[in-house]
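Peer 1: As a plain string of letters, each chain reads:
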Amino acid sequence: MKTVESPPHEAVAVPPIQAPPPAGDRRRRRLADQARAYGFLLGGLLCFALFSWYPAIRAVVIAFQKYTPGSEPEWVGTANFTRVWHDPEFTAAWRNTLTFTLLALLIGFAIPFVMALVLNELRHAKAFFRVVVYLPVMIPPVVSALLWKWFYDPGAGLANEALSFLHLPTSNWSNGADTALVSLVIVATWANLGGTVLIYLAALQSIPGELYEAAELDGANLLQRIRHVTLPQTRFVVLMLMLLQIIATMQVFTEPFVITGGGPENATVTVLYLIYKYAFLYNDFGGACALSVMLLVLLGAFSAVYLRLTRSAEGDLA
Amino acid sequence: MSTRTLISPATLARPRGRAVYWTVFTAVVVLFALAFLFPVYWMVTGAMKSPDEVTRTPPTLVPEQWHLDGYTDAWDLMQLPQHLWNTVVQAAGAWAFQLVLCTAAAYALSRLRPVFGKMVLGGILATLMVPAQALVVPKYLTVADLGLLNDPLAIWLPAVANAFNLYLLKRFFDQLPRDVLEAAEIDGAGKPRILWSIVLPMSRPVLGVVSIFALVAVWQDFLWPLMVFSDTDKQPISVALVQLSQNIQLTVLIAAMVIASIPMVALFLVFQRHIVAGIGAGSTKG
Chain R
1 MKTVESPPHE
11 AVAVPPIQAP
21 PPAGDRRRRR
31 LADQARAYGF
41 LLGGLLCFAL
51 FSWYPAIRAV
61 VIAFQKYTPG
71 SEPEWVGTAN
81 FTRVWHDPEF
91 TAAWRNTLTF
101 TLLALLIGFA
111 IPFVMALVLN
121 ELRHAKAFFR
131 VVVYLPVMIP
141 PVVSALLWKW
151 FYDPGAGLAN
161 EALSFLHLPT
171 SNWSNGADTA
181 LVSLVIVATW
191 ANLGGTVLIY
201 LAALQSIPGE
211 LYEAAELDGA
221 NLLQRIRHVT
231 LPQTRFVVLM
241 LMLLQIIATM
251 QVFTEPFVIT
261 GGGPENATVT
271 VLYLIYKYAF
281 LYNDFGGACA
291 LSVMLLVLLG
301 AFSAVYLRLT
311 RSAEGDLA
Chain Y
1 MSTRTLISPA
11 TLARPRGRAV
21 YWTVFTAVVV
31 LFALAFLFPV
41 YWMVTGAMKS
51 PDEVTRTPPT
61 LVPEQWHLDG
71 YTDAWDLMQL
81 PQHLWNTVVQ
91 AAGAWAFQLV
101 LCTAAAYALS
111 RLRPVFGKMV
121 LGGILATLMV
131 PAQALVVPKY
141 LTVADLGLLN
151 DPLAIWLPAV
161 ANAFNLYLLK
171 RFFDQLPRDV
181 LEAAEIDGAG
191 KPRILWSIVL
201 PMSRPVLGVV
211 SIFALVAVWQ
221 DFLWPLMVFS
231 DTDKQPISVA
241 LVQLSQNIQL
251 TVLIAAMVIA
261 SIPMVALFLV
271 FQRHIVAGIG
281 AGSTKG
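Heads up: the protein sequence lines correspond to chains R and Y, in order.
All letters in the first sequence, in the order written, are residues 1 to 318 by this note's numbering.
All letters in the second sequence, in the order written, are residues 1 to 286 by this note's numbering.
Simulated from the structure, these hints should not be mistaken for lab results.
Where hints are given, some of them may not hold.
Footprint (simulated), chain Y over chain R, 3 or more residues, beta carbon under 8 Å [unchecked claim]:
#1 49-59
#2 96-110
#3 138-147
#4 158-169
#5 253-267
#6 285-297
Ideal Cβ placement from N, Cα and C applies to all residues, glycine included.
Make the full structure from the sequences, and use the hints.
Peer 2: Below is the structure:
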């Protein structure tokens, strides 16, 4: 196609493809490209370096130091670890955190799955159910915690009023040493299950309908269809959410801090709460970092499994 | 569009199927209303009861008299305007910093081929393995060393180090059609120009998702602002609520809780379609 637009002298100025530009030019261009690329990266990288990478290294370093802000840190070997280890609260904190995680898994795993299963069968008011179940997730966690603290109030709390309305014996809820932890699990489940339900719903919707049809033709009843179609088809998402939930609940802090303050009798002290106490109550940053490192190693292992699973099954994230 | 689910349409069409369906439907409506709406109703109306009505047993389902004093007292006594403003400043700043710096970094990693780009990305993704809360103490010490305590920058800058959002953006940029970007390059547009007038307009959906995540994360956070804002006047609403909850009248506290919830609940109700769809889509595929 002949054009009038491109004047002949410009065509001449374009260098023939075979002849590469002088090496110096190319290097300069590449350098300019790299400078620009790193210009774009700089702000983000600096933030990651300061607030992610450096703190991770620093946690390990301070775990072996006697560290008080303002004075020179001192190397103390493993003294922080042994001191923290012998703290009676240490055992309580780990026991509570693990029990909390286990209970949250039992309650927070089965309930949302059944809810999603039922919701997926309903043909009416779909948007309403999704909005309602997700509403508690949007309420700030501090507000949920304060709200349930009020419900659990031994005086005029809604929880005991409901029990006596149903002629059931009342409970001490968050104020009793043996019921406090379960009470907190209920709060966390109430506040968070909306997200899980929505994710399960999406997973259920991606199951091809033909599978159910085929199973029904083969004479599978409802329970058999759940067992042989629904469960295998959603196994991956379920496993994923389970790991994510473990990682999230092991870091529980807001509920015990706001509702029980770790009590009664250390029944609800969690690991993160203990880290907070070491740093801000005892001013013992070495001990806090030693605890952080322990939590880090454990959760890091769970995260590694999670990432491995997601990356091997990675479609696209967005 | 109705796809086949666990129970076949034929079963549901039978009289018995219809009866079971509507029974289950009603049960779920009642259960959801009791479990999720009633606590919220109890909070909103509790704040409107008189101080002695709210502690009465058995409780009243509907306030005998509707008082708005709880809300007005909370607004004045607890300095809610101040704390709400602090939260807005912290959330908006974190959003802006994240949008600018994460987008730029994601674009560089996706399209500009920096040397060591793979290593940088690996380092960023590795932070996904390190649960954020486990690092709060050394992060706090770093922020203290930088002199950022009681400064909104203590919220804004660490918010940028969000590997999840950055990765979300990078993945989206990776999938933009090559030919469009190349056409722009041939037309002589520079990289910044391509980002601004081609990549960003095409990325509106993912930018929306990242924005919502960024805002919600700051608004809901508690432990981090509790650590970095010891100065009461700088505290966001979540921290202030807990600090003030000890010695304030119950109805006033409940009213303050309602007020603190309104912005996020309103955001959710406005964008619920996008949020609900985003949660489902984002997770099953990833």
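Peer 1: Next, verify each hint and record whether it holds.
Peer 2: Going through the hints against the structure:
no., hint, in the structure
1, 49-59, "holds (count 9)"
2, 96-110, "violated (count 0)"
3, 138-147, "holds (count 8)"
4, 158-169, "holds (count 4)"
5, 253-267, "holds (count 4)"
6, 285-297, "holds (count 6)"
Comparing the model with each earlier hint shows a violation of hint 2 alone; every other hint is respected.
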